[in-house]
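Undergrad: Heads up, the final residue of the sequence shown is numbered 117 in my numbering, and it's a clean run with no missing numbers.
Just so you know, the hints here were simulated from the structure itself, not pulled from any lab data. You may find that some hints are simply not true.
To be verified - With a straight-line Cα cutoff of 30 Å, these simulated BS3-like cross-link-like pairs (lysine-lysine) come out:
1) K77 - K58
2) K100 - K49
3) K100 - K58
4) K86 - K106
5) K108 - K58
6) K58 - K86
7) K108 - K33
8) K49 - K106
9) K86 - K49
10) K108 - K49
11) K100 - K86
Stated by the list, open to error - If you anchor each label on the Cβ, the simulated ranges turn out as follows:
12) K58 - L114: 17 to 23 Å
13) K33 - K77: 29 to 35 Å
14) N45 - K100: 18 to 24 Å
15) G89 - T24: 29 to 35 Å
16) L114 - S31: 29 to 35 Å
17) A75 - F23: 33 to 39 Å
Using N, Cα and C, we set each Cβ at its ideal position, and we do this for glycine too.
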Amino acid sequence: EFTIRPPFLSSKDIFCLRVERMVNPYRKVSINNLELKVPGAPLHDLSACVHAQAEKIQLRIIPDKESGLSEVRFWHEDKFLGSQKVKNTDLNLVQV
Numbered sequence: 022e023f024t025i026r027p028p029f030l031s032s033k034d035i036f037c038l039r040v041e042r043m044v045n046p047y048r049k050v051s052i053n054n055l056e057l058k059v060p061g062a063p064l065h066d067l068s069a070c071v072h073a074q075a076e077k078i079q080l081r082i083i084p085d086k087e088s089g090l091s092e093v094r095f096w097h098e099d100k101f102l103g104s105q106k107v108k109n110t111d112l113n114l115v116q117v
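Produce the entire structure from the sequences given, and follow the hints as far as they go.
TA: Structure, rendered in structure tokens:
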């Protein structure tokens with residue numbers, strides 16, 4: 022029997038397209054010139070260290086050809102941060 026193991030919440034987190042992006046100081050990531058706000062994204066205190074780096078956020082993308090929308094699920098260090106629906110054409114990842 023197939024079971025979803027932690028930290029994953031759904032099969033969407035396993036069977037998906039995956040990309041990593043760096044979160045900017047405004048808690049946003051950019052993919053193919055599309056900016057997405059990442060709810061609850063961690064930020065580094067860049068004033069403390071000249072070499073501080075932004076946090077990497079994993080985007081798990083589930084395209085739906087029928088609706089023309091993709092669900093983008095945001096993860097950081099095995100923690101689900103939230104999701105957002107985006108038009109497939111805006112995301113420009115999937116040939117429809």
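Undergrad: Taking the hints in turn, state whether each one holds.
TA: Each hint, compared with the structure:
1. K77 - K58: holds, 14 Å
2. K100 - K49: holds, 17 Å
3. K100 - K58: holds, 16 Å
4. K86 - K106: It holds: about 13 Å lies between the C-alpha atoms, which stays within 30 Å.
5. K108 - K58: Holds, at roughly 15 Å.
6. K58 - K86: holds, 23 Å
7. K108 - K33: holds, 17 Å
8. K49 - K106: holds, 15 Å
9. K86 - K49: The given pair, whose Cα atoms are some 25 Å apart, holds under the 30 Å limit.
10. K108 - K49: Distance of about 17 Å is within 30 Å: holds.
11. K100 - K86: holds, 27 Å
12. K58 - L114: 17 to 23 Å: Between K58 and L114, where Cβ atoms are some 18 Å apart, the hint holds.
13. K33 - K77: 29 to 35 Å: Check failed, 20 Å falls outside 29 to 35 Å.
14. N45 - K100: 18 to 24 Å: Since N45 and K100 have Cβ atoms about 19 Å apart, the given range 18 to 24 Å holds.
15. G89 - T24: 29 to 35 Å: Because 31 Å falls inside the window, the suggested range holds.
16. L114 - S31: 29 to 35 Å: With Cβ atoms ~20 Å apart, the hint is violated.
17. A75 - F23: 33 to 39 Å: Check passed, 35 Å falls within 33 to 39 Å.
The structure fails to meet hints 13 and 16 from the earlier list, while all remaining hints are met.
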